[in-house]
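Residues per chain are reported as follows:
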Amino acid sequence: MNASLAFLAPALPACAFFVIVLFGRWLPRGGAPVAIAATAGAFVVFVITLLGMLSDGASAHSIRWFEVQGQATFTWGTVIDPLSVVMLGLVAFVALLIQVYSWSYMREERRFGWYFAVHSLFAAAMMALVLADNLILMYLAWELVGLGSYLLIGYWWEKRSAAEAAKKAFVTTRIGDVGLLIGIILLFKATGTFSISGVISAVETSQVTQPTLNWSLILIFLGAMGKSAQVPLHVWLPDAMEGPTPVSALIHAATMVAAGVYLVARLFPIFDAGSGILPMIAVVGLLTALVGAAMALVQTDLKRVLAYSTVSHLGFMMLALGAGSVGAAMFHLLAHAFAKAALFLGAGAFTHSTHQTDIRRMTGLLRGMRLTSIAFIASALSLAGIPPLAGFFSKDEILLAILDGHLGVVFLVFALIAVVLSALYTGRLLFVLFSSRPFVPEGDKAARGREGGAKAHAEPTPGESHAVPHEAPLLLLLPILILAVLGAVAGLLAFGWTGSYSGFGAYITLGHDKGFHIEPWLTALAFLLVAVALLQTWRSYISQSDPLRSATAFLAPARRLLERKLYFDTVYQWIVDRVVVTAAQVVGLVDRAVVNDKGIEGQGILVRYAGAAMRYLQTGMVYNYALGLALGAFFVAVVWWILS
Amino acid sequence: MLELVHLQVLSAALFSIGLYGVLARRSAVLVLISIELMLNAVNVNLIGLGAFADRPAESRVFGQILAIFVITISAAELGLAFAIILKLFRSRGSVNTDELNLMKW
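Those protein sequence lines, which keep their order, are chains A and B. Take 306 as the starting number for the first sequence in the numbering used here and just add one per residue. Take 51 as the starting number for the second sequence in the numbering used here and just add one per residue.
Calculated directly from the structure, the hints in this document are not laboratory data. Among the hints, erroneous ones may be present.
Stated by the list, open to error - Partial selection, computed: residues in chain B whose CB lies under 8 Å from chain A: (1) 57; (2) 72; (3) 73; (4) 147.
As the list claims (entries may be wrong) - Label-pair restraints from in silico Cβ distances: (5) B/140 - A/933: 28 to 36 Å; (6) B/105 - A/908: 52 to 60 Å; (7) A/936 - B/105: 47 to 55 Å.
These figures come from a predicted structure and were not determined experimentally. Using N, Cα and C, we set each Cβ at its ideal position, and we do this for glycine too.
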């Protein structure tokens with residue numbers, strides 16, 4: 306019973322993937338029980354690892370993979386410390402609950418077994434990523450996560466939009482991954498090792514020159530931006546909603562998007578050593594938090610609101626990292642993971658019952674699906690920052706980190722604005738979703754034909770809007786409730802309860818971060834802002850007596866801007882259409898005209914024409930040949946005479 | 051007095067006449083005869099060079115031995131060539147080299 310068994314955590318689901326892919330058709334229910342058993346096994350491994358770590362402390366275990374003589378040694382290894390073990394537990398636990406949920410949710414699907422196979426692969430890759438003790442292994446797992454997301458988002462690949470979304474997620478994150486790979490190689494060139502602890506110690510003893518370090522850090526952060534959906538590489542995440550809802554829950558909660566935050570947290574000592582890198586991360590994170598929250602304000606599709614909310618919260622995590630607090634970032638990641646998984650699973654249950662995805666058309670949820678609704682509301686309020694739910698503490702810890710850190714007061718102001726925005730979209734989501742009448746605000750004319758297509762046009766027919774939805778089956782309900790409860794109470798982890806545990810942030814960073822404490826004025830200010838924002842949304846959506854309505858009319862252009870996703874997608878589409886496709890056409894033309902027509906076919910044509918021209922030498926007249934022979938001999942004789 | 055150069059001039063003249071015959075004659079028979087002329091030019095050259103070589107007397111017959119080989123082989127070759135020409139005449143009714151141009155493009 307020790308921590309060296311941790312490698313089994315990714316190994317079990319990985320084996321499940323191969324078992325299901327190879328033998329799934331002969332297994333009951335397409336092999337899904339194998340996947341669930343493997344993930345449950347991974348969770349057991351996590352418990353064993355946790356116990357081992359608690360008794361023996363942090364450790365690392367690795368075996369040699371191969372060695373390039375005198376150059377480098379490649380290893381398979383796991384690193385066991387609070388950071389990786391917490392992430393491992395989070396991934397295993399959330400993946401397990403989501404698989405249980407999927408068992409019921411995906412019941413009707415044709416490729417049921419395949420879904421569970423890819424789900425296992427995805428979970429395995431993520432667990433390998435958090436456990437990896439060297440950058441090569443981590444990069445491998447990183448790419449496998451990308452592959453898993455591609456397969457899961459494109460699970461309904463018969464649907465064109467799903468296939469496109471999968472491609473978009475893959476290509477967008479790949480843009481970052483290229484940076485990550487180059488950054489890893491740069492670090493390897495500078496330090497001669499891929500081992501994370503080796504690289505960190507090399508950087509801390511200043512073996513790496515500052516420019517090299519900065520460049521590799523920027524490139525590595527590019528990878529984290531892609532995976533963790535930071536502006537401007539966030540565009541794949543809302544589109545990833547095309548996948549099945551449990552997939553969204555998995556991607557948005559514990560895997561994939563957490564990978565980028567985890568990467569920066571894992572390599573934090575290096576990022577800390579770079580000059581100007583942390584402020585850059587903070588700026589990117591702050592921008593992401595603001596942009597994501599602002600865009601969540603205008604979405605009408607339930608899953609898309611949640612998606613932009615995820616973007617925003619990932620921005621908060623990066624902001625915390627940029628402020629220098631790994632503890633705050635990881636704590637927010639934990640709180641967000643539970644709450645967001647519960648929200649997505651709840652959204653899946655709502656859609657399951659109402660056959661609607663538009664929040665304005667869902668009605669009667671509070672009456673028909675009381676438990677799910679309560680869980681949903683609790684999780685949403687947790688993310689909005691309502692005490693005593695976990696999100697309140699994690700958000701507070703981030704604000705505190707900004708206050709205590711090296712960032713200026715400007716960051717704090719904008720972070721508070723982002724907090725207000727997130728409270729606003731949460732309020733809008735909850736009030737519109739749970740109001741008892743179908744909710745199509747008058748501004749909908751402008752939104753016509755935007756997204757949702759035909760659905761946005763259709764008036765709700767009485768049959769679909771007034772049917773009272775019924776509570777989801779137990780297998781759907783149970784994971785939602787568990788996650789919601791965890792998302793609500795996880796805030797307790799923030800405080801130091803015993804002598805050896807001085808708060809989550811201090812624990813996870815091995816004492817690097819100080820313990821969490823409440824700065825009264827900041828906490829009160831943040832809470833006040835959130836409360837005012839929620840009150841304002843209640844006024845505009847429920848009580849209909851909005852004193853700010855006329856005052857905010859000037860915001861209409863901003864709203865249109867947000868509804869067009871700040872033109873990110875438009876610009877990217879333009880770049881793809883004009884630049885990428887044009888470049889591809891030029892390359893294709895060069896390939897066809899030069900390489901193919903001239904190079905390959907040209908040789909054949911040359912030989913054919915040469916043969917056609919030279920065959921006339923073969924006259925068939927014997928005296929022609931004789932003349933040639935004689936002249937040749939004469940020529941040789943003349944040459945010999947000249948030379949001698 | 052007979053010198054080596056006289057024999058070589060004779061040989062060159064014979065060779066040139068033979069070469070002209072090979073290139074200019076149209077009849078395959080005359081071409082063959084011209085080839086014989088060229089071979090004999092070579093024989094004259096061989097015998098002359100052998101006889102005037104700066105060597106012991108008993109080795110001066112080497113050129114003549116070589117010439118006898120050439121004569122023997124050219125006799126055999128002529129037999130073969132005339133057999134081919136005979137067959138050619140029977141099948142095509144002509145031994146004119148202008149008309150023997152089947153082996154072209």
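These are the hints, each one checked on the structure:
Given the 8 Å rule on beta carbons, the hint for residue 57 of chain B is violated: about 19 Å separates it from the nearest Cβ of chain A. Annotation: residue 72 of chain B was flagged as interfacial toward chain A, and the flag holds, the nearest CB pair being 5 Å apart, inside 8 Å. For residue 73 of chain B, the suggested interface contact is upheld, since its CB lies about 5 Å from the closest CB of chain A, less than 8 Å. With 8 Å as the threshold, the beta carbon of residue 147 of chain B comes within range of chain A, its nearest partner Cβ sitting at about 5 Å, so the hint holds.
As the Cβ distance of residue 140 of chain B to residue 933 of chain A is approximately 30 Å, the hint placing it in 28 to 36 Å holds. A hinted range of 52 to 60 Å for the beta carbons of residue 105 of chain B and residue 908 of chain A is consistent with their spacing of about 57 Å. The beta-carbon spacing between residue 936 of chain A and residue 105 of chain B, approximately 35 Å, falls outside the hinted interval of 47 to 55 Å.
Hint compliance for this structure: hints 1 and 7 are broken, all remaining hints hold.
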